[in-house]
Amino acid sequence: MLGSLWLIPILCLAGAVVNLGLGLLRARKPLVNLVGVGSVGAATVATFIALWQYLHQPQTELIETYFTWIAAGRFLVDASFQLDPLSAVMIAFVTFVGFLIHLYSVGYMHGESDAGYARYFAYLNLFMFSMLVLVLGSNLPVLFVGWEGVGLCSYLLIGYYYEQEWCATAGKKAFIVNRIGDFGFLLAIFACFAVFGTTEFRGMFEQLVHDPVGLSTSATLIGLLLFVGAIGKSAQIPLYVWLPDAMAGPTPVSALIHAATMVTAGVYMVARCNAFYLTSHTAMLVVGIIGASTALFAATIGLAQNDIKKVLAYSTVSQLGYMFLAAGVGAFVAAIFHVVTHAFFKACLFLGSGSVIHACDGEQDMRRMGGLRTVMPITYWTFVAATLAIAGIPIFAGFVSKDEILAKVFEAGAADLNHFGRIYNVLWLVAVVGAFLTAFYMFRAVYMTFHGTFRGSEEARSHLHESPWTMTLPLAILGVLSIIGGVLIGFPGHLFDRPGLNAIDGFLHPVIAEIGTVDHGHEAAHAVTLEAEWLLLVASVLVALAGWLVARRFYTASDAPSLPERLGRRFPFAHKALMNKYWVDELYDGLVVRPIYRLCMFCWQVIDVVIIDTLFVNGAAFVTELTGDFLRFLQTGNVRNYALSVALGILVLAVVLW
Amino acid sequence: MPTHNDLIAVAPEIILTVAAGVLLLIEAFLPRVRRYASELSALVVLTAAYARIRLDLPGDVWGGMLHIDRVASFVDLYILAAVFLSVWMAGAFLRRSDADHGEFYSLLLLAAVGAMVMASSVDALTLFLGLELLSIPLYALNAFLRRVPISVEAGLKYFIVGAFASAFLVYGFALLYGEAATTNLVTMGARVVEAGGLSPLAAIGVAMVIGGLAFKLALFPVHGWAPDVYQGGPTPVTAFLSVVPKGAALVALLRIVDGMDLLRLSHEWVVAASVVAVASMTLGNVVAIVQRDIKRMLAYSGIAHMGYAMLAIIVAGAEGGAAVLVYLAAYTLMNIGAFAAVALFSESESEPHPISDLAGQGWRRPIVALALTICLFSLAGVPPFFGFTGKFVVFRAAVNGGFVWLAVIGVANSLISAFYYLRVVYVMYMQPEPRRAPAFGRAFSISWVAALSAVGVVVLGLFPTPVLTAAQAAILNLVR
Amino acid sequence: MLNDHLLSLVTLGPAAFALLLALLPARHPRVHRWSALLASLVVFALSCLIWVRFDPNHPGFQLEPPRVDWIPQFGISYHLGVDGISLLLVLLTTLLIPIVILASWTSIDEHVKGFHICLLLLTTGMIGAFVALDLFLFYVFWELMLIPMYFIIGVWGGQRRIYAAVKFVLFTMVGSLLMLVAILYLGWFHHQQTGVWSYGYLDFTSSAPLLEMAGLWSPQALVFLAFGLAFAIKVPMFPFHTWLPDAHVEAPTGGSIILAGVLLKLGTYGFLRFNRALLPDAWDFFVPAILVLAVIGILYGAWVALVQPDIKKLVAYSSVSHLGFVMLGLAAGTVASTQGAILQMVNHGLSTGALFLLVGVIYERRHTRLIAEYGGIAGVVPVYTGVFLLVTLSSIGLPGLNGFVGEFLILAGAWSGHPWAVVGAGLGIIFGAVYMLWMFQRVFWNPLDNEENKDLRDMNPRELLAMVPILVLIVWIGVYPTTFLAPMEAAVRALLVP
Amino acid sequence: MVTYVFLVAAAVAVLFSVFAIALRSPVLNVLSLVVVFFAMAAIFALLGMDFLAAIQIIVYSGAILVLFLFVIMLLNIRSVERLGSGRALQAGLGALTAIGLGIAIVAAVSTLSPAPGADLPGSAAGGTVVLIGRALLGSHLFAFEFITLVLVAAIVSAVYLARRESR
Amino acid sequence: MNAIPYTWVLALSAMLFSIGTVGVLLRRNAIAIFLSLEIMLNSANLAFVAFAYRFAAEPGLDGAALAGQLFVFFVIGVAAAEAAVGLALFIALHRLKESIDVDRANILRW
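Chains A, B, C, D and E supply the protein sequences, listed in that same order.
In case it helps, our numbering puts the first sequence at residues 1 to 658.
In case it helps, our numbering puts the second sequence at residues 1001 to 1480.
In case it helps, our numbering puts the third sequence at residues 2001 to 2498.
In case it helps, our numbering puts the fourth sequence at residues 3001 to 3167.
In case it helps, our numbering puts the fifth sequence at residues 4001 to 4110.
Derived from the structure by calculation, the hints contain no laboratory data.
Treat the hints with care, since some could be wrong.
Unchecked claim - Here are the simulated lysine to aspartate or glutamate pairs, DMTMM-like style, with alpha carbons at most 25 Å apart:
id	chain 1	residue 1	chain 2	residue 2
1	E	4097	B	1351
2	C	2454	A	458
3	A	29	A	114
4	C	2454	A	64
Unchecked claim - Which residues of chain E face chain A? A few of them, derived with a C-beta cut under 10 Å, are:
id	residue
5	4025
6	4027
7	4028
8	4098
9	4102
10	4107
Backbone N, C-alpha and C fix where the C-beta goes; we use that ideal spot for every residue, glycine too.
With the hints as constraints, model all of the structure from the sequences given.
Here it is, written out as structure tokens:
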């Protein structure tokens, strides 16, 4: 497969194109399944073949150039793919999780019309294509192709139920907010061209490594601009608003795009461009601050949501914040590690919620669920496994990666990284609080959904059922991965003095640029002792357990619902703020959307219609015509007047010529 | 005694004169042949044109009264072309208007002779006489529809203002004669140049002569008669009136302005002439916009067009002179074409010709409408029509002569003019035919005139070189 | 032999066909449709031959027909030539004509003969303006476009067609007439310098000394402004753009396609070909102004498009925005941005042309273009929706489609010199997505609540056939733009770095 | 002596031309004009232009003015408006313009030296008639022939216009 | 004997011209206007005569002097021609309107 990496995305693209055609021909579902799932399956197989080959290769970085994409003036952009540890990790989990979700969709979407079904799979395949291009691209523009491509697919899939206005609006919102981020990304690309003369990652990073001091200002600019892109794509403050709305799409889409893959593209990109952040301390700090604030902010909103998918959505935003926090302290590997584990457990959670929603006939409000644990055991257990993972309960996947992040942040604070130690200390604290909240709201979701008694209607109760195997199989696989995935690929070996056991760390290490100027303050390795690390670990476990227990106290005790209600009454403002997500959407509406709309109306109705057209254009015509209408009366029809003007004219001419 | 050359030189005029007489006789004595008066006169005009083309151009003849050279030939030919088109369309027109009198052709031919003589005169006397021979028949021709009040009114107005203006012209010549002690225009010019400036006497004389000639051109401020006369007169006469006197007068004007080298001699002249040119253009175009009668609109457009021509007169010299000639040729063709179409699109001569009557005619009468459209676009100065060539040479002359700002005003005026020319076009093509469409006649010959003019406008617009060459070669004989 | 006359054939061929068409009786509209289609295909085939014979490595003009003296007195000659800059635009023109004819197949049912004659004459004008190498000839072709377009809008247009047609002509003439004076002035200046009369383009580029340039009121600046106004109106740049929405909305589908696809390009082309190449000092002087106007145009067009209730008007204002990008690319003046600008001209021609075609498709069925009249029709007309979506994406510059390549090169090229302009223009990209997607949502998505939309017919094969070439090119340019960038590189380089 | 005659004739001419334009009766206008023309003929004669003096009387007084009278009688025009009736602006501006023109000419003339003239040399024997006659058939032959055309055109026009419609 | 300065004649001519112009501009009656026109033409004649009279006294300008006289001759001829046409027009006008007041000929305007 090496040498023809292009085959991997192209398979997906082919699947998309064929499915689009099938959709128009209104082909039957099995055929669509064959094409849709088959193409992704083939791509997955191809990926793993490629990876297997790659692992048996001596070199760590492999660039395949297919053709010159854009060449003009000083600009040269090749259509080329790059396989290195980072992209290897990414394509592996993207194809794998993607395949599972395709499979899941077969069950979940079976109620759709044939045409809609084909369309759905076409979009899904197209998404896979875009995501693979994003991950494989060896330069920023090619990455950008995938970047916008996933945005497009997200748009199409969120708007899949286009006849419902809120879905259509959500889709549009997703695309536009992403566009705002992309704007920064694009500027970053231009800046790269200007600074480095190339946008090939390898070329840029070599220059950065070579002259980190001279390029630090540029790196700051580019790093921040790139991060604007990441903020949009990965739903960080202030552009996170699209992601909760994105839950309008079918649930597998939420799982695939808005949890496992697309939204992590920002993290991937930041990790990919780690050289910039390592060069620019400011940029790195900004990444960290935004990440940490998002992690906490989204977690607080998650506390009060009743829509199961909304809870997951905000948890996604929050988890993405952790990833950026990791990147913000230079722990790019930890970030990617969390991306992977997050993909497992968040996909599992979403698919589980999908399974629940499927069972409840489309109901998403947790207040009308409850007690499902008996009806759908597989869903329940996988959901619990994933929840344990996200909450950071030891040995579960999330624990390993999240704890690594927390440790790195603490380490950064302790080691006074780039002389921003104090700030990193605060960030650590924020992250810990976030972890507590995460555990709380996730278990809240579990308890509200699966425990207690069913609170929906009788009719709904009769429909409750466990999902078909196409849905439960992926759940099971992901559930298992949520449990062991973390330990498997990123065992925190250094805690046991066996760093070699941390497979992903070793594997990804070459990707992280060796930038000389990163100021670790004290020797990082010794800033935090092993004992301290263990202490931290215990602390974070305790935090997670505390969250769990509080949730348990709140939602399973005999006075279950009343406790949070009382709390809400005690702090009405806080409760309202959380329920309304801090009114951020309203704020944006009032501060951005409406003013712009008014500006647009002003431009059109006032500048265009009144000033330019009426005043100047028609005004000029009107004045001309008016002049004509006035002057025509000089033409009195009286011949003696004409004679007079002859005489007068001649007299004047004579006087002038005199 | 007149020499061979003298007679050769005026052979076309003689042909026309004889024909005019013969036509009168036919009118009186041969009622059968009368019907073909239009065709006969057209034939005669062609013969005269042929004579003008084939016969020598001997230069000074008739004791230095006339100068028959290539300028004369150029102007004569375009006068003859205009007369040809006018008489050709007149037949059908007069029959329709119930005024089918042979005098029409005689008078028209005599007027043409007057114009030709006026254009080739190098003596004030013949210039004056030519002008009168041109004017007197036109007084009658405008009032040719004797029972139609507007026609008679047009004749009267033209007569009173015309006679008034020619009185000024004569007085001006008297003063210039006093200044230069000659009636020969060339010598007159040379004396003025020698004197190195205009004496008060000469200034008044020049003003009066130019005023008298400008009357024929309907330049501001001596334009007043034009709209009324155009609107009231019979359409073939209007067509003739709108081009032939203007051509002859422009050449005469050029002869005087250039002969006296007013461009260099008198800064005041340049200023005054510029004002006149700009005012003519602007007034003509602006007022044309608000006209509802197409003939009246064309009259105002004519005022504006003479404003453009005036630009070239200001520049004078070989460049300006050639531009005048080319502009004339263009103006003639498109104007006659337009008037021919207007003659077709009219119910009756006693009625006005509202533009709104043309609604939908673009599709009902495609050929005539297309011809009118082409002529109007040409008048607006849109390439690739001949009118554009005319404007191009005029503006080019202005720019080359250093009058860029005049050219800019000129183009601004072209823009205004486009507004009303376009209106006619959109009425024809873009407005639906009214339920009760006006009953327009179908006259084959008039259609032909319109079509022929339009073809000429297109062909000469695409290939203007022959006209340019002729004009440039001709003008060398005229200018200093 | 063929090389000698190829360009003449392509340029004058359509006019000749128009004459032939004029001779056919008007009674049989089918005959006219087919003949015009055939003629346009022949012209397209010939122009493809130009493409084949074109040598991309040669920066100068190629395939020049033998130069014929036209008006030798003034040094005016019939002189054509195509270089890398005009090549694509010629091809775009010849490609769009058959598409326009197909798009008008049923929507034009009155005066069919006249329509096609106008169309073919218009073609000659457009191609001629792109390939003319004599300023006078250029002007003639430039104005030649006026009349047919006037008729196309005025006769076959919508409700306020007359207002729109007159506005179109008058706006255009405002600029072009001043340009005429400028051309005359250039000719005079050339004569002053060399003693030879000429309006030949090459005489002004090669060795001729430049007009004096010292501030706003110096000759070169004024000549620049005269040319610039003509082109700015055509482009159209803010604030000279108000003719465009009217013309677009009122024109029939075919007219809108031509208008957006080709006519506007003449403005940007003119800026490059004349203002940039002939008046370099003034160009440098005015670059800031152009940049500002370009960025204003980008944002302003997008903003106004955002609130349009009429699809066609929205697309029209989007043209203002898109052409702003082109102007930005030209003003930035790097090789990349200029190449991007030229490519973007083509892109805009394709995408916006396609959008107008598509709007025409639906207008023909429902006789309304108000966005509010639609909603939720994606399920009713899936093919149409898909095609529309693709074109929309092309228009908002999705990478992988054509729009992106152009915008990318423009902005990337402009970044180093004018980062703030790029930032402004980048905001335009965001708004571009906003107005297009919002429109898309309101037309194709949302509840299907208008009874009349429930049995819309999907695109028929003819309409699809008209769209296919555009769609192919949208993807082609997006994926492999080298095909189109390579031929222009040498010419652009030569023009920018003399 | 001659000077006095001239002055008297000039005074008569001016006075009667004022009558010609100011009197309300058309017939009186015409008759005043006859007086003016006679005065002018006298001046012509005084200046040695006997031929012109003769045709001034013959053509103008004898032919043209008779024609006027004839038409006045034919149309039975009795009394018409006062001078300057109608619009005040036209009258005021017209008078000013006319007087301005006169002043301009006089001012221009005043720049000339008031030299006396002379009889045409060679006119001693037969007056100017011989010279003019020769010129008409020599240097001015064309004009002489040409004015016949003017007259023919005028006659044809006049006949056409004044003729009653036959049909 | 001939001691009259030619400028006197010119002055007279100017006065007559002025009077004629006043007549044209201030009268409404077509015949009166026409009479005034004749006065104007005559004043021109007088100017020609004055100059011819002067040139006759200058050596070498006798040709010019003769030309002036000839001009007068032709102007008289033209005046006759104009009179014929003009009067005929008035008759035609009178026939239609029963009036020769030129102010009443105002159908055509604006």
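Consistency of the hints with the structure:
With a C-alpha separation of about 18 Å, the suggested pairing of residue 4097 of chain E with residue 1351 of chain B holds against the 25 Å cut-off. About 36 Å separates the Cα atoms of residue 2454 of chain C and residue 458 of chain A, which puts this hinted pair outside 25 Å; it is violated. Pair hint residue 29 of chain A plus residue 114 of chain A holds up; C-alpha atoms about 6 Å apart against a cutoff of 25 Å. Distance restraint check for residue 2454 of chain C and residue 64 of chain A: the Cα-Cα separation of roughly 50 Å exceeds the 25 Å cut-off, and the hinted pair is therefore not satisfied.
A cut of 10 Å between beta carbons decides the hint on residue 4025 of chain E: the least distance to chain A is about 5 Å, and the hint holds. Evaluation of the residue 4027 of chain E hint against chain A yields a held restraint, the C-beta minimum of about 8 Å falling below 10 Å. Given the 10 Å rule on beta carbons, the hint for residue 4028 of chain E holds: about 7 Å separates it from the nearest Cβ of chain A. The interface hint given for residue 4098 of chain E is broken, as the beta carbon of that residue sits about 18 Å from the closest beta carbon of chain A, more than 10 Å.
For residue 4102 of chain E, the suggested interface contact is upheld, since its CB lies about 5 Å from the closest CB of chain A, less than 10 Å. Below 10 Å, beta-carbon pairs count as interface contacts, and residue 4107 of chain E has one with chain A at about 7 Å; its hint therefore holds.
The structure shown violates the earlier hints numbered 2, 4, 8.
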